[in-house]
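Colleague: For reference, the chains in residue letters:
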Amino acid sequence: MGLARTWSVALHGVAGHLVEIESDVGGGLPGIHLVGLPDAALHESKDRVKAAVVNSGWQWPNERIVLALSPAMLRKAGSGFDLALACAVLAADGILPQSALNGSVLLGELALDGRLRPIRGVLPCLLAARAAGAERVVVPAAALGEASLVDGLAVFGAASLTDVLRWLAGEAELARPGPRPNPVDDAAPADLADVVGQHDARHACEIAAAGGHHVLLVGPPGTGKTMLAQRFVGLLPRLDAAGALDLASIRSAAGRLPGAGVLSTVPPLIAPHHSTSMAALIGGGSGLARPGAVSLAHRGVLFLDEAPEWAPHLLDALRTPLEDGAVRLSRAEGTVEYPARFQLVLAANPCPCAPAHDRDCVCPSLVRRRYLGRLSGPLLDRVDLRARMLPITTLATVAEPWESTAQVRGRVIGARAAAAARWAGHGWATNAEVPGPVLRTRFALPAGVVRPLDSALRAGEITARGADRALRVAWTLADLAGRDRPDRELVETALFFRDRRAA
Amino acid sequence: MAAKDALGRRGEELAAAYLAEHGLVVLDRNWRCRLGELDIVCTDTRRLVVCEVKTRSSTRFGLPAEAVDARKAHRIRQLAGAWLAAHHVPWVEVRYDVLAVLVEPGAPVRVHHYEAAF
Numbered sequence: 009m010g011l012a013r014t015w016s017v018a019l020h021g022v023a024g025h026l027v028e029i030e031s032d033v034g035g036g037l038p039g040i041h042l043v044g045l046p047d048a049a050l051h052e053s054k055d056r057v058k059a060a061v062v063n064s065g066w067q068w069p070n071e072r073i074v075l076a077l078s079p080a081m082l083r084k085a086g087s088g089f090d091l092a093l094a095c096a097v098l099a100a101d102g103i104l105p106q107s108a109l110n111g112s113v114l115l116g117e118l119a120l121d122g123r124l125r126p127i128r129g130v131l132p133c134l135l136a137a138r139a140a141g142a143e144r145v146v147v148p149a150a151a152l153g154e155a156s157l158v159d160g161l162a163v164f165g166a167a168s169l170t171d172v173l174r175w176l177a178g179e180a181e182l183a184r185p186g187p188r189p190n191p192v193d194d195a196a197p198a199d200l201a202d203v204v205g206q207h208d209a210r211h212a213c214e215i216a217a218a219g220g221h222h223v224l225l226v227g228p229p230g231t232g233k234t235m236l237a238q239r240f241v242g243l244l245p246r247l248d249a250a251g252a253l254d255l256a257s258i259r260s261a262a263g264r265l266p267g268a269g270v271l272s273t274v275p276p277l278i279a280p281h282h283s284t285s286m287a288a289l290i291g292g293g294s295g296l297a298r299p300g301a302v303s304l305a306h307r308g309v310l311f312l313d314e315a316p317e318w319a320p321h322l323l324d325a326l327r328t329p330l331e332d333g334a335v336r337l338s339r340a341e342g343t344v345e346y347p348a349r350f351q352l353v354l355a356a357n358p359c360p361c362a363p364a365h366d367r368d369c370v371c372p373s374l375v376r377r378r379y380l381g382r383l384s385g386p387l388l389d390r391v392d393l394r395a396r397m398l399p400i401t402t403l404a405t406v407a408e409p410w411e412s413t414a415q416v417r418g419r420v421i422g423a424r425a426a427a428a429a430r431w432a433g434h435g436w437a438t439n440a441e442v443p444g445p446v447l448r449t450r451f452a453l454p455a456g457v458v459r460p461l462d463s464a465l466r467a468g469e470i471t472a473r474g475a476d477r478a479l480r481v482a483w484t485l486a487d488l489a490g491r492d493r494p495d496r497e498l499v500e501t502a503l504f505f506r507d508r509r510a511a
Numbered sequence: 007m008a009a010k011d012a013l014g015r016r017g018e019e020l021a022a023a024y025l026a027e028h029g030l031v032v033l034d035r036n037w038r039c040r041l042g043e044l045d046i047v048c049t050d051t052r053r054l055v056v057c058e059v060k061t062r063s064s065t066r067f068g069l070p071a072e073a074v075d076a077r078k079a080h081r082i083r084q085l086a087g088a089w090l091a092a093h094h095v096p097w098v099e100v101r102y103d104v105l106a107v108l109v110e111p112g113a114p115v116r117v118h119h120y121e122a123a124f
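Each protein sequence line maps, in turn, to chains X and Y. Here the first sequence is numbered in the working numbering, starting from 9 and rising by one per residue. Here the second sequence is numbered in the working numbering, starting from 7 and rising by one per residue.
Please note that a few of the clues may not be correct.
As the list claims (entries may be wrong) - Subject to a maximum C-alpha distance of 30 Å in a straight line, what follows is the list of computed DSS-like cross-link-like pairs (lysine-lysine):
1) Y:K78 with X:K54
2) Y:K78 with Y:K10
3) X:K58 with Y:K78
Since the hints were made in silico from the structure, they are not lab data.
Given these sequences and hints, build the entire structure.
Modeller: Next comes the structure, spelled out in structure tokens:
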């Protein structure tokens, strides 16, 4: 008879909470009672844990066992508590000393033969354990690579329950994560020099990359819309450590983190097909929602090719994350918030028939209008830059080659640095994140400079949000031009890229 | 008598001896009514102790005590009420125990006493 405590982590979206597991053995008929809002998978762990302990050669206490997961209010899901539950039972039965367990967080699913299976979301679990002040964390050996991404925590990898018990008893050592691998340069994305012509569209992509703006590319098929969009990611700077860890946490929660434990600093490019479901795009799933494409594209690019083919409800669902930089998903077991600060790149044909030269179009005007009309006004209002791609008239290699990714990226990084220096005291990194009111008050431009915006507003050509967004683009143009603030010409350029007639 | 009934009988004998050895006074055994049967009714002089005896000859199909589930516990509670009524006993504290008897061939008999099991 006895009482014991172990610790594990419950994952709620990408946020982890330390969970204390108490075990009381004795005082009644044999049976396991699991309390503290466990879900179905966690209820099943009663049987898994018992089988794993018995098959590892230990005696299962034939008494009444109460296992309490605290805080009791928090819903706990999944199989990651198995290891902590098994150790709690054995410690309460007197097989393990409680002192060995203090300060340790145990993560892992048990197989019936006592092997330790990997679980989803090890990285956010470790971050939560570190934040809660844990000293040591045991993870399944398969997750050691992922675990090596977290500093300031002693992480141990175990292959089976027996390994863990022997380690707790001080009889054996557990595997430690290897040195953190340097961020590898993933296969370099295709180079911008491959795209023939398209001066305007290239410029739009450069501005978008420099300021964190959203782009719409419209043009006939075969002019390089998709090529350009795929090369867009190459223009973005590498992610900083915090950003890379954010992204890795989202990938881990989605079960998409490669096991190698390489912290990727390449901004993600997520390009879902237009038949994607709402749950895959925004995030979803039963019980507690899982991250979707918008979150997997966090700090990177969400590329929607053939945008008018997308169902309108999917496109319009992007409006909130575009504005907030996060999605809040409510399901039966609670609401989770996933970060979703992505840059949207839309590509579209000008009409359904889409000939090489627009003048050959045979679509009735109504069909033409309806085609691009599928991109709703509110969505387009959030797209800062619209670029029309022109038919290519010659494939002959020009004497001077087209600008390469490296050249454009140099300018982008310079402009981003200028913007970051200006907003450093305010907590924003890019122009796209700056709230409109700040741009209109503390960083207000002279009346003469913003006059084009006023007249466009008066003429009903742009909305108030559109004016704010044009202002942000103007600031980015100033950063790219190396000026300390936009002038009237740059504001007009920003408005030109906003022009709805372009699309 | 079938083999399983003989085993149960032997288990109850062993259980009654075990209880007497531990200072309990056996009041009644195999008391039947239309609801079923109580194995052993005894007292520790302060409260009534109603015992369910479960005997098995191996643990191949689980421990003896695991066979006492919620349905069985409910029936024993009802039976205890019926026993009290039949014997005109006024209100008295009742404790429900389970005695798990393991009679494995070639091994000493093991009796496990779960006090206040339900």
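Colleague: Each of the hints needs a verdict: does it hold here or not?
Modeller: Each hint tested on the structure:
no.: 1; hint: Y:K78 with X:K54; result: holds (22 Å)
no.: 2; hint: Y:K78 with Y:K10; result: holds (19 Å)
no.: 3; hint: X:K58 with Y:K78; result: holds (24 Å)
Going down the numbered hints, you'll see the structure goes against none, and every one checks out.
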